[in-house]
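Residues per chain are reported as follows:
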Amino acid sequence: MITISNLKKCFGEKVAVNVKDYIISQGTMLGLVGNNGAGKTTLFRLILDLLQADEGEVHIDHVDVSKSEEWKQRTGAFIDDSFLIDYLTPEEYFYFLGRVFGLKKEEIDERLVPFTRFMNGEVLGQKKLIRDFSRGNKQKIGIIGAMLHRPSLLILDEPFNFLDPSSQSVIKHVLAEYNRETGATILVSSHNLSHTTDVCSRIALLENGVVIRDIDNSEHTAEQELESYFNVDFAEEAPAADTPQEDTHATEQPVAAEMAEQPATEQPATEESAE
Amino acid sequence: MTINKMISSINLFRELRRLRKIGGKRHPMYDQNKFAKYFMGFAVALWVVYLIMFGFLFIGLFSEIFPSMEPYHMLNKGMLYLLMVDFIMRFAMTKLPVQEIKPFVLLPVGKNRVLRSYLVMTGLSGFNLIWMFMLVPFAFGTLFRYFGFVGVLGFLVGYWLLMLANNYWFLFCRTLMNQHILYVLVPIAVYALLLVGLLVPETNYIGNFCMELGEGFFLWEWQAYLGVIALVYGLFELCHALQKRVVYKELSKTEVVKKLKKVSEYKFLDRFGEVGEYMRLEIKLLTRNKVPRAQFYMGFAIMLMFSAALAFTDVYDGDFMRYFITVYNFAVLGVLVLSQTMSYEGNYLDGLMSRKESILNLLRAKYYVQCALLLIPLVIMILPITEGKISLLCALACFFLTSGFTFWTLMQLAVYNKLTINLNTKVTGKNTGGTFFQSMIIMAGFFLPVIILQVFTSLLSENTALLIILGIGLAFTLTHPLWLRNIYKRFMKRRYENMEGFRSSIMNN
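Listed in order, the protein sequences are those of chains A and B. Going by this note's numbering, the first sequence opens with residue 1, and the numbers climb by one from there. Going by this note's numbering, the second sequence opens with residue 1001, and the numbers climb by one from there.
Derived by calculation from the structure, the hints in this document are not laboratory data. If you're wondering where the values come from, they're calculated on a predicted model, not measured in any experiment. Honestly, I wouldn't trust all of these hints.
Derived DSBU-like pairs (lysine-lysine); straight-line CA-CA distance at most 35 Å [claimed, not checked]:
hint, chain 1, residue 1, chain 2, residue 2
1, A, K104, B, K1021
2, B, K1489, A, K8
3, B, K1489, A, K67
4, B, K1244, A, K172
5, A, K104, B, K1005
6, A, K127, B, K1261
7, A, K127, B, K1021
8, A, K128, B, K1021
9, B, K1259, A, K105
10, A, K67, B, K1356
11, B, K1021, A, K105
12, A, K104, B, K1493
13, B, K1021, B, K1356
14, B, K1111, A, K20
15, B, K1244, A, K128
16, B, K1290, A, K20
17, B, K1021, B, K1267
18, B, K1262, B, K1290
19, B, K1021, B, K1249
20, A, K20, B, K1356
21, B, K1021, A, K14
22, B, K1284, A, K128
Calculated from the model, a selection of chain A residues having no Cβ within reach of chain B, i.e. all distances over 10 Å [claimed, not checked]:
hint, residue
23, Q26
24, D86
25, Y87
26, E91
27, D109
28, P165
29, I212
Virtual Cβ for every residue (Gly too), placed ideally from N, Cα, C.
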């Protein structure tokens, strides 16, 4: 379980994260969505104690992440390339991680088997250093590395980035299966609303560091709500600059109608909501 | 070049200089550097005093040894020695400037002009003027009375041009050596040839030529200036051509990805458990990445060279130099690697930080690998030991002083380093600025053991002094678990600040 209390992080004047109280219970698959600069990666870094919070705390299983390192044994994460030791081969990297977590070589080999389809024959046995792999394959190596020790908390920042469509589909399946099998809490951030809503039972929408909506997606109904939030209506803006005034008025009508017709699935800002 | 082009080149140069200055001020280690700069400033001030002193000293010395010749003729005759010393000093005191060309690649700015601007910047560096502290008093003391102020000025301008040529010659060699350490043979071969030319008395054409060149300077002979300006220009162009090739190679990453022939597992490290894993990582860090590998080879070459010099020549027979070389031989590999502790790891620090106590194990691993590497200089030291230049006790005392005191000193940098060093890019990239703080710790790592040795050996008999030093070294070595944990705890206290620094300085490979 992750408990966030009065968490605040500013970069100069800009408030990057400002989450009052937020609880993610064990086994939840939470999707974190928001525009660029909304604070998704910063929130992940704060949860992982890679950044110092200006205020507030994060607890993983009742352990303050900034005071102890115990939670690290149960946590797996991949945020970006700075998690990869790129002068190792993928095998060496996996063995390194596995051994650090007390696994034997055979166990590591065994744990790599479920990822065979995900690796698509392009990762193992290549005799290449990680730095010589494509961005997509590096992404795969990072994700597998984060999952290798079967953490009870898995944090992945933009896991679908750089992956080909097939691999995106496979990783969705892998994550859902992992969650079902192990009961692990999985936090995923993504700009891909479709993928996020496909796998996550709960969606947190971030704006300027604040969780403005906490959406229950157990019935897979969140996508429409998110679409309405993210869709920028160009029809509303373009005529002002390019077309005469009367045309603007003409185009505004349907938009207004469309807005009115939107289903009221939104919940109020649920920063303080808890499961 | 048209007037417009010239103006835009000057503007570009000014803009790049401004960017570099801003880069320096926003450097993650700016505060530490600022602090260290005061100390370095003090060291430079001392060096300046020495140079001024040499300037006056040479006047009397040359008049006494060569009464039939004017001192300025003698200095001119030995100008190549001066240039060689300058060349060697540049290795210790300057860094290969990076070509921050990436941000300009897609801009409508001539890439050649960017490269040239950076090269011009190095030419205008204050380092090229440092010898003036020696040459100005020397010129006023010897030339002024015969040739007046104009002669002195000509002499100084000429020497500044020579330093400029040396600057580009150094950059050329340094860029080559960064590509492969074997290119160190290029300057060695050139200087060997020049030395032969200088030292063979009957055919001392080179010495005489230098003397005439120097005379040409203070007599304002246009041929002398033209020749040196042509040399500066030639070396500038040579340097430019080489850097251009290297920069484009790095930018386009044209190197074919080589498949590893054999993936080494270093199975013997399995017995050390988790620390063994990190030791494996450390070995691979040193062997699979260009920058640490080049440093390692360079340290090894220097070590071999000094050991041979200590064993087979009388050059380093004085007590201070003998101790210094012995300490240096043991410390050099550690200094090159440990002074960058965490800076290499900055490339993947987030990954390490998300694992429990990984930094402590990493520090332990680094320490053990460096201790194991100390066996190399110990073996090499057999040469001077068998030649009777140093005692076995001295070698052992220095061994443990290095594994204890020197490594303890250097590993303090793990707490303060917060600048990611790219493991493979060399010429292109961002300007990482000077790390004066590191230089200060490195100097402490090198000189404090020598000072300790000197103090004890001057107060006590050599054997007693060496036994005490051995004791100090052993005490530091045996207590390494304590001080490594202390470093780890201090690192963890500063972790947020350091991680921010590493993150902001990380470069895209």
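Right, here's what the structure says about each hint:
1. A:K104 with B:K1021: violated, 51 Å
2. B:K1489 with A:K8: holds, 25 Å
3. B:K1489 with A:K67: Given that 35 Å is the threshold and the Cα spacing comes to 12 Å, the pair holds.
4. B:K1244 with A:K172: Violated: K1244 (chain B) and K172 (chain A) sit about 46 Å apart, past 35 Å.
5. A:K104 with B:K1005: violated, 65 Å
6. A:K127 with B:K1261: holds, 8 Å
7. A:K127 with B:K1021: Violated: K127 (chain A) and K1021 (chain B) sit about 43 Å apart, past 35 Å.
8. A:K128 with B:K1021: Violated, at roughly 39 Å.
9. B:K1259 with A:K105: holds, 23 Å
10. A:K67 with B:K1356: With a Cα-Cα distance of about 12 Å, the restraint between K67 (chain A) and K1356 (chain B) holds, given a limit of 35 Å.
11. B:K1021 with A:K105: Not OK: K1021 (chain B) and K105 (chain A) at ~50 Å, beyond 35 Å, violated.
12. A:K104 with B:K1493: Between K104 (chain A) and K1493 (chain B) the Cα gap is close to 33 Å, so the pair holds against 35 Å.
13. B:K1021 with B:K1356: Since the Cα atoms of K1021 (chain B) and K1356 (chain B) sit roughly 39 Å apart, the hinted pair is violated (cutoff 35 Å).
14. B:K1111 with A:K20: violated, 50 Å
15. B:K1244 with A:K128: Holds, because 28 Å separates the two Cα atoms, which is no more than 35 Å.
16. B:K1290 with A:K20: Cα-Cα ~47 Å, so violated.
17. B:K1021 with B:K1267: violated, 48 Å
18. B:K1262 with B:K1290: holds, 18 Å
19. B:K1021 with B:K1249: holds, 27 Å
20. A:K20 with B:K1356: Since the Cα atoms of K20 (chain A) and K1356 (chain B) sit roughly 28 Å apart, the hinted pair holds (cutoff 35 Å).
21. B:K1021 with A:K14: Distance of about 26 Å is within 35 Å: holds.
22. B:K1284 with A:K128: holds, 14 Å
23. Q26: Per Cβ check, Q26 (chain A) is outside 10 Å of chain B; nearest 19 Å; holds.
24. D86: violated, 7 Å
25. Y87: Not fine: 4 Å to the nearest Cβ puts Y87 (chain A) too close to chain B.
26. E91: Violated: least Cβ distance 7 Å, not greater than 10 Å.
27. D109: holds, 14 Å
28. P165: It holds; P165 (chain A) is separated from chain B by about 25 Å at its closest Cβ, greater than 10 Å.
29. I212: holds, 27 Å
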